[in-house]
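Please take these sequences and the hints and turn them into a complete structure.
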Amino acid sequence: MAGHVHVYADTTGDATFYLAPGAVLHHSRTEDEYGIPQHRYTLLTAADPTPVPITNIQQIHEDLALHAGKTTETAAETVPSTV
Numbered sequence: 020m021a022g023h024v025h026v027y028a029d030t031t032g033d034a035t036f037y038l039a040p041g042a043v044l045h046h047s048r049t050e051d052e053y054g055i056p057q058h059r060y061t062l063l064t065a066a067d068p069t070p071v072p073i074t075n076i077q078q079i080h081e082d083l084a085l086h087a088g089k090t091t092e093t094a095a096e097t098v099p100s101t102v
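Here the numbering used here = 1-based position in the sequence shown + 19.
Hints may contain errors.
Computed Cβ-Cβ distance ranges for the label pairs, DEER-style [to be verified]:
no., residue 1, residue 2, range
1, 88, 49, 30 to 36 Å
2, 33, 65, 19 to 25 Å
3, 85, 50, 31 to 37 Å
FYI, nobody ran anything at the bench for these hints, they're computed from the structure.
In this text, all values refer to a predicted model and were calculated from it rather than measured experimentally.
Beta carbons are placed, not taken as given, at the ideal position from N, Cα and C, and that holds for glycine.
Following this line, the structure appears as structure tokens:
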């Protein structure tokens, strides 16, 4: 569904956001030794199974744009350019 983000959360503070086909943002919350919450975000894409630590919104935008570009390139390679 275009324009919708699917979110799945649990009681531990973890949440998974399905941003786009093949792109997932995972949030986890832990506490440091003083009990202060620490939030961690990780981006996973189908193109690369290596988790990418996310520290700001611009980084998500850049990684998703790169992912979209690779997806477009792959589609262009498999679909003939003439009709």
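Taking the hints in turn, this is what the structure says about them:
Range check, residue 88 to residue 49: about 33 Å between beta-carbon atoms, so the 30 to 36 Å window is met. Range check, residue 33 to residue 65: about 21 Å between beta-carbon atoms, so the 19 to 25 Å window is met. Taking 31 to 37 Å as the suggested C-beta distance range, the pair residue 85 and residue 50 conforms, at roughly 33 Å.
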